[in-house]
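Number of protein chains: 2
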Amino acid sequence: MNIVLLSGGSGKRLWPLSNDIRSKQFIKIFKRPETEADAEGEHKTHYESMVQRVYRQIKTVDKDAEVTIATSKSQVSTIRNQLGNSVGISVEPCRRDTFPAIVLVTAYLHYIRGVSLDEAVVVCPVDPYVNDDYFEALKRLWELAQSGTANLVLMGIDPTYPSEKYGYIIPKDKQQVSKVDTFKEKPDAETAQKYIDAGGLWNGGVFAYKLRYVLDRAHQLIDFTNYADLLNKYEGLKKISFDYAVVEHENDIAVLRFAGEWKDLGTWNTLTEAMEEKAVGDVRFNDTCSNVHAINELGVPILLMGLKDVVVSASPEGILVSDKEQSSYIKPYVDAIKKQVMFAEKSWGSYRVIDIEENSMTVKVTLKPGHRMNYHSHEKRDEVWTVISGTGKTIVDGMVQPVKQGDVVTMAIGCKHTVIAGKQGLQLIEVQLGKDITVSDKKKFEMPQ
Amino acid sequence: MNIVLLSGGSGKRLWPLSNDIRSKQFIKIFKRPETEADAEGEHKTHYESMVQRVYRQIKTVDKDAEVTIATSKSQVSTIRNQLGNSVGISVEPCRRDTFPAIVLVTAYLHYIRGVSLDEAVVVCPVDPYVNDDYFEALKRLWELAQSGTANLVLMGIDPTYPSEKYGYIIPKDKQQVSKVDTFKEKPDAETAQKYIDAGGLWNGGVFAYKLRYVLDRAHQLIDFTNYADLLNKYEGLKKISFDYAVVEHENDIAVLRFAGEWKDLGTWNTLTEAMEEKAVGDVRFNDTCSNVHAINELGVPILLMGLKDVVVSASPEGILVSDKEQSSYIKPYVDAIKKQVMFAEKSWGSYRVIDIEENSMTVKVTLKPGHRMNYHSHEKRDEVWTVISGTGKTIVDGMVQPVKQGDVVTMAIGCKHTVIAGKQGLQLIEVQLGKDITVSDKKKFEMPQ
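From first to last, the protein sequence lines stand for chains A and B.
The first sequence begins at 25 in my numbering and counts up by one.
The second sequence begins at 25 in my numbering and counts up by one.
Rather than coming from a laboratory, the hints here were simulated on the basis of the structure.
Honestly, I wouldn't trust all of these hints.
Identical copies carry no separate label here, and so any pair may be met within one copy or between two of them.
Said to hold, decoys possible - Under the rule of at most 25 angstroms between Cα atoms (straight-line distance), these lysine-lysine pairs were calculated in the PhoX-like manner:
no., residue 1, residue 2
1, 417, 459
2, 302, 362
3, 203, 466
4, 97, 262
5, 332, 355
6, 392, 36
7, 447, 459
8, 355, 302
9, 466, 370
10, 203, 218
11, 302, 332
12, 392, 468
The shape of chain A in the complex, shown without the other chains (with noise of 0.2 angstroms):
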């Protein structure tokens, strides 16, 4: 089967663990199942993300399924470190709501990948917290639109409660596999059960089609010939939703009814209900702590005593420390909290800022054996490297050294840079040095030969 993953969200949600970098799919706080590998000891690390976990189900399920990730630019180096080179991404230059977004990985899987316009492909968000019986449904549904049983088929969950949360899809029967009668915006919760006594199910934005549906409905809201030509005019296309665009002027619609478990991870609360074990990282309880889930990114201990339904997350963004139902709250307080990126993942390998004052600030660069930063430069900021482990060597103002653990390199504003580690990997301490720090002041050149 052909799937795309909705990859999107700032996660503010999951702060401090997402950040405006880190989305929270790509959080490693989920136990992964212990391979052949794990058991000759070849991982170190027996943790997962999301878009891991469900990457992984859905090859259990499909070992031949072709998985295409739908993302913004920032996403990128992440998703290839974290599901390498066998995935397919197809990036939005910008945000413009999803009918634009479903129509570019569209023309994405047709125009590069080459997928015929008469073959399926189910669309998913990234992160739902699901049992290999939910890519099951999956498979079924692709293999509904494969096989022309409705234009668009969509995935309805079983209710378990009235929900405000999801919108709601009303069947036309009690079939397994039923047309669509009408769709419902999110109700309050008396309407909710009214739906749900009507045979109602939730929208959980799952929904299957032939190529050929949506790029055809695409000619006609968009003026493209192909994928570069869409990416190029991308930036200026009409914010319009899928539903709008497309659902609302469709009669031909089925649905498939899902009753397995299904659990949407956007709050701590929830998060800390799919973790097995109660910490990640550095963490001690006493025996009076009760409910408690803690996820430690820092390099310190952290101990807890005496909490009950608590959720502590600590990284170097900043720490939370929350009743797990009040942790659902958290959005406004987090759009109040000042935002400095403190670390990333790079394609490259990561950063993590150390030391903040006015005028300089202090990072810590690992890059991967083999791997190199951009060759740039700055203009308001002088930087020194002092190499703390592995060698490698550094290009600058076009002049090669190579460099190992205690060499320094000084480089003035405007001096052109970049910094290549060996096979073993290399790290650094980078100072860097100016009024108006800020990652926005960097200019990139070409590689000199």
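For this one, chain A is given, so just place chain B on it according to the hints.
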């Protein structure tokens, strides 16, 4: 009056704010009363430590009080930073129980500070959380000793409940000042109630005597001539408590009853009761928190939601989140944490560890204006300094050089080095490189002429 403050303890119970270097009495968490200078905006910090608070209170009650701190070497820099140069400091070369410690400071007062043998002194712990009336009582205690009421005059605190935490003093009568009948060790609650019914008072560890009295007893038990001689012999002295060596042999003891407020701030629970604000540092609360106190010494925000009766404390050493009552059981958990001193206050400024790797450590060093670190070398590590603010000069193997922001100095193993801050102070990032990096790898030298 002459007053000696006994300043000891590692303060494990107040982890992570106290560490092997910073004891609880030096943590700045008490709101200082506003002064005229504050009103004019001259002061930035409105917090004071326990030792600063006690010192301020003593001076309020008796502006001519001669204050001496009896302490260990590791606290001298911090005491000078917090109390300045007018306070006397008697330094124990090593820990030898309370009798040697009290003899040492008594000898210091007589032989070094020239206090007459016929003058009295009050000895008191450095960390009672009390009002000014307590220090009025201390003054009265001193006057009682001075006027020869008894060889030893104790303070007895009117008990508010049958505590198992304190020893009890049973007076002969119910007068404000009474002779002492007997002393009782820390009892169980039932026995404590009996002592209280018999008029017993808590022993708060405060007493007054004339110097001659303690020095006479000292000469009976220890062979020494003067302060310098005692200091030389200190390490060889027998460990013996003041109670065992002096109090048990003395029949002429009086007790002064004190009925004012008195708190022993030894645990997070009692400490937070004394905090006038619910937070120190960048801490945000949602409106469902109640009776929550937090201290944040990290540079990132802490967000607290839906908590009740909880204390949160974060420092570069770790993070504590505890139910207030449970926090008194912290000690074994702190004992189990591997110690790495992550920050320290020195006479010349401060340092903070900002990164630790297997074969490197990165430290931020802040030098006060005009101050310098020791001239020293290391046997197992190279170091690289990058100046991030201020100006000054470095001396490396005798060679003096001016430095400013952005300058880099590299020091190989064995190389002698120091840095002297200019008028604005100086900050630098120090990268330490080598195996087995420890604070003990340090050889000190005389400054070159």
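For each hint, the structure was consulted:
1. 417 with 459: Intra 28 angstroms, inter 23 angstroms, cutoff 25 angstroms: inter-copy only.
2. 302 with 362: Answer is between: at 22 angstroms across copies they meet the 25 angstroms cutoff, but 30 angstroms inside does not.
3. 203 with 466: Answer is neither; intra-copy 54 angstroms and inter-copy 79 angstroms both fail.
4. 97 with 262: Answer is within: at 20 angstroms inside a copy they meet the 25 angstroms cutoff, but 71 angstroms across does not.
5. 332 with 355: Result: close both inside a copy and across copies, 22 angstroms intra and 21 angstroms inter.
6. 392 with 36: Cα proximity of residue 392 and residue 36: none, with 29 angstroms in one copy and 40 angstroms across.
7. 447 with 459: So residue 447 and residue 459 pass the 25 angstroms test across copies only (21 angstroms; inside, 36 angstroms).
8. 355 with 302: both (24 angstroms within a copy, 23 angstroms between copies)
9. 466 with 370: within (16 angstroms within a copy, 38 angstroms between copies)
10. 203 with 218: Cα proximity of residue 203 and residue 218: one copy only (20 angstroms, versus 83 angstroms across).
11. 302 with 332: The answer is both: 12 angstroms in one copy and 21 angstroms across copies each meet 25 angstroms.
12. 392 with 468: Answer is within: at 20 angstroms inside a copy they meet the 25 angstroms cutoff, but 39 angstroms across does not.
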